[in-house]
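From first to last, the protein sequence lines are chains A and B.
Each step along the first sequence adds one to the number in our numbering, with nothing skipped, and position 167 is 167.
Every position in the second sequence, counted from 1, becomes a number in our numbering once 1000 is added.
Since the hints were derived computationally from the structure, they do not count as laboratory data.
Note that the Cβ used here is the ideal one computed from N, Cα and C, for glycine as well.
Take the hints with a grain of salt, since some may be wrong.
Stated by the list, open to error - Below, a sample of chain A positions facing chain B; criterion: calculated Cβ distance under 8 Å:
no.	residue
1	A125
2	N276
3	Q425
4	D431
Stated by the list, open to error - Simulated restraints, written as ranges between beta carbons of each label pair:
no.	chain 1	residue 1	chain 2	residue 2	range
5	B	E1085	A	P390	53 to 63 Å
6	A	S105	B	F1251	16 to 26 Å
7	B	T1089	A	G289	36 to 46 Å
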Amino acid sequence: MPSFTPTRRTLLKTGTAAAALATLGPAFLRQAAAQDADLAPYKAAQIDWQQVSGETITVAVIPASYFENLITLAPQFKALTGIDVRFEKIPPAQIRQKSVIDLTSKTGTYATHAADPMYYALYAANKWVEPLDTYLADKSLTDPAWFKLDDIIPAWRSANGIDGKLYGMPYDGEVTIQVYRKDLYDAKGLKPADTLEAYMSNAAALNTPNDRVWGAALRGVAGAGQNMYIYPSIFREFGGDWMKGGKLTVNGPEAEAALAWYIDIMKKYAPTAAANWNWPDIADAFSQGTVASYIDAHSSASVINNPEKSKVIGKVGYARWPKGPSGKRTTSIWNWGFPINAALPEKKRKATWLFIQWAASAETQARTAHKFAGPTKRSGVNRTSVWKDPDYIKLMNGFGENFVEATMGALQEDTDVDWRPRVPQWPAIGDTMATAIQSALSGQATIKAALDDAQRRIEPMMRG
Amino acid sequence: MVTTAVTSAGIASEEPRSDFGRVLAQRERRFAAALLAPAFLALLATTTFPLLFLVYTSAFRMDLAMPFTNGFVGFENYQVLLSDERFWTSLLVSLVYTGSTVTLQVIIGLALALLVMDMKRGQGWFRVIAILPVVLSPAVVGMIWRTFMLAPEFGIVDFLAINAGLGSKNWLGDPTLAMVSVIAIHTWQWTPFAFMVLLASLASLPEDIYEAARLDRASAWQRFRRITLPLLRPAIVMVIIMRTMVALTAFAAIFTVTAGGPGTATEILNLYAYRKSFTELSIGYGSALAVALLIVTIIISGILFAMRRAK
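If we strip away everything but chain A, and leave its shape as in the complex, we get (with noise of 0.2 Å):
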C-alpha cells in the first residue's frame, strides 16, 4: 500500500467524507478516512463507480502471483465501487477449456475470465463476449483522459483485437526473448546471439553434457501453448505466412526449414528431457545452472531469479529474439485480458467493465508491481508509463543484465500481431500442429510428412 501524501485534493475528499460521517461515530470515521485516501486516485476519474453497487461478479483467473496481487487489493474496489467480486483460480491448462463451456452454455458464471488472445477470433465469430468499444465510448462508464488506453501496450491491445476492436483488456502479459548465463558467455569471449545461426553456434560452443551443461533449451512438450509457442516464431522469421494466397498453410519449404533449425539445436544441444519440457521445466534446469541459455517468455526471470531455488542469480543476462534468415526478429507477444461475458445481464456487464477498468488501470498495475507490498513483483505491466517508472525500471533490472532493454525492445518492436493464424479455429489448429512438431521431434516421421500430415488435418478445418 502506497504511503498516505495528503494532496489538496485527497485532503478535500477526506474532509467531506469526514463530514459527511461524522455523526456515524469515531469507528466509522477513522475507516472511511484511510480508504479515502487509497481511493483517492481512482475517485479522480469523472466516473460514477458506484453506479451498479451492491452487484456480485465471479472472476476467473490462474494461480499464478500477478492474479495473487490483484486478490489482495480487491477489498479496495469493493470500497471504491460498492461491487463484490469472487475469485475463482483455475490452472492454465484448463481455464480456457472451463470459460469456454461457460461460454457456450451462456450460464454467465464467469462475468470475465483470465484469456489466451489466440481465443477472441473463436469468441468473436460466435459473439460471446462484448466488443470493448462500447464501454470505451460510454462517458458515463469509463474517462478516457483518466484511464488512457494508449498507454497499454499496442502490442498486447493488437493481440487482443479481431478487426480493430478490442475483446479483451490486457492486465498481464509477456514477450519472448533470450535468457543465457553472462559468466559463461563472457568466459568463452561470447555475445547473445543476434542472429539464429549464431544461437546454435553459440549453443554448440557451451554444450559440455559431460559437466552437465547443455547448450540451449526450447519448449519441447505438444500444446497449442507449448512447442506451439515458439515454433510459430520460428517459422516466421524462415519467412513462413501463414495465410498464403489466403489460404491456412502450415507446410511447405519455410516449414520444414524452421522445424528443420528447432528440432536440429533440441537433439543436439538440448537436454533430452526437454522432448517433454514446458518452461517451468526449462527455467527450473536453467536455475540449477545445467542450461547456458534459452529463448522464452520474459516472465520466467522472476522463477530463476528466486533466492530460495536458484544457483545462477548475478549471473543472468538477457537480449533480444536472435533475428532469422529473413532478417526479421518476431518474438512471441502474449497476455492475459480480461473479456466481457455476453450472456450477463446488463447491470452485471458494468460492474464487470468497472473491474476490468480498475483492474487494468495504471494505478492498480503499480500497486501489483513496484508498490506492492508483498515479496512478488509482477513483471509483465500493461503500461508503458509504469515502464517507465524509475522504480520499476529499478526492481525489473535486479532480474539481470539488459533485462528491462530487451523486454521493451522486443516488445516495442519484435512483435508481429499475426505470428500465429488468428482464426477461430486455432484451438484445433495448434493442437495439431503441436503434435506434428512433436511427432518429428521424437523421429515419429520425418519433418516434411509430418508437416504435410498436419496440412491434410487442417484443410477440412478451414473449409467449415
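Keeping the supplied structure of chain A fixed, place chain B upon it in accordance with the hints.
Okay, now just chain B, sitting in the frame of chain A:
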C-alpha cells in the same frame, strides 16, 4: 406418510381377511418403490441420460470454432471416423495398452500372491506396502513418474539405466519407450489390486485337495497347473474383466505423463476423444469417438463375461 399406512394395516390385521396378505404385499412393494425412486432417478439422470445425450450429440456437427456449420448430420461423424487414420491408430494403441497392462498385472499379481502365501512372517506388512500405489491418484502418479523417475539425465530410472550400462534413454520422448513407460506405470499402480484379489482367493482354497495331491506325489508345478489355476479361474477372469474395463478408459496418468505423445505414440482412444472434444472443440465428432470407445468396451467385456460362464 407411507409408514403410517403400513402400521394401520398392521393393526387391522387383528381380524385376518383372505385378501389381506395380497394388499399388504402390494403396499410394501409400493413403499419399496417409493424408497427406491429417488436413487433410481438420480441414477437415470447421472448415467443413462448423459449416455443417451452422448449418442444424440454424435449425430450432429457441433464445432465450437465454426458455429455456423453446426447441424444434424446423421451418421456422417461415424463415416468420417471409419476413414480417420488417427482413430484406428488410437484404437490400436488402446488395445496394445490394455492387453499388455492386464496380462502383466495378472502374471505379476499372481506371482506375488503365491510368494506372499508362503511367507511365514510379515504378510500383513507386505499387504499394506503393496496397496499403496492403488490409493494414489493417477494424476499424482503421472507427475511423480514424469519428473522424478523417467526424466533423462535427471530421473531415478535413467540413473539406474546409466549405472546398469544401458546408457541414458529418452524414456518419454521416444515413441516405443514412451509406450513401454506408460504401460509400466499403469502396471506399477494397479498390480496390487490383482495381487490382493488373488491372494484372498488363494487363502480360501481348500487345503485337503493339496494334501491329497501330495499323497499322489504330484509335483509343485502339477499342483499349480491342475489345482491352483482351475480353482483360481473365476478370480482371475474377474480381475481381467475389471482391469480391462479400466485400462480401456484410462486417462489421467497418460494425460499427465505424455499427453498422448510424443506425436501420437501413446494416444489411446479415450485421450483422442478428449482432445477432439475439448482441445479442438469438435464436440460432435468427439462424441462419436466416445461412442466408438463405448462399443469397443462393451464388446470386449461381453466376450470376457461369456468366457467366464463357459465352464
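For the hint on A:Q425, just tell me whether its beta-carbon gets within less than 8 Å of chain B. Because about 4 Å separates A:Q425 from the closest Cβ in chain B, which is inside the 8 Å limit, the hint holds.
Beta-carbon spacing of B:T1089 to A:G289 - inside the hinted bounds 36 to 46 Å or not: 40 Å, holds
Evaluate the given range 53 to 63 Å for the C-beta pair formed by B:E1085 and A:P390. Holds: the Cβ-Cβ distance is about 59 Å, inside 53 to 63 Å.
Looking only at beta-carbon atoms, does the pair A:S105, B:F1251 fall within the given range of 16 to 26 Å? 23 Å, holds
Proposed interface contact between A:N276 and chain B, which counts if any beta carbon pair is under 8 Å: Where the cut-off is 8 Å and the nearest Cβ of chain B is about 5 Å from A:N276, the hint holds.
A:A125 was flagged as interface toward chain B. Is the shortest Cβ-Cβ separation under 8 Å? Where the cut-off is 8 Å and the nearest Cβ of chain B is about 7 Å from A:A125, the hint holds.
With a cut-off of 8 Å on the beta carbons, see whether A:D431 makes it to chain B. Holds: closest Cβ of chain B sits about 5 Å from A:D431, inside 8 Å.
Taken one by one, the earlier hints all hold for this structure without exception.
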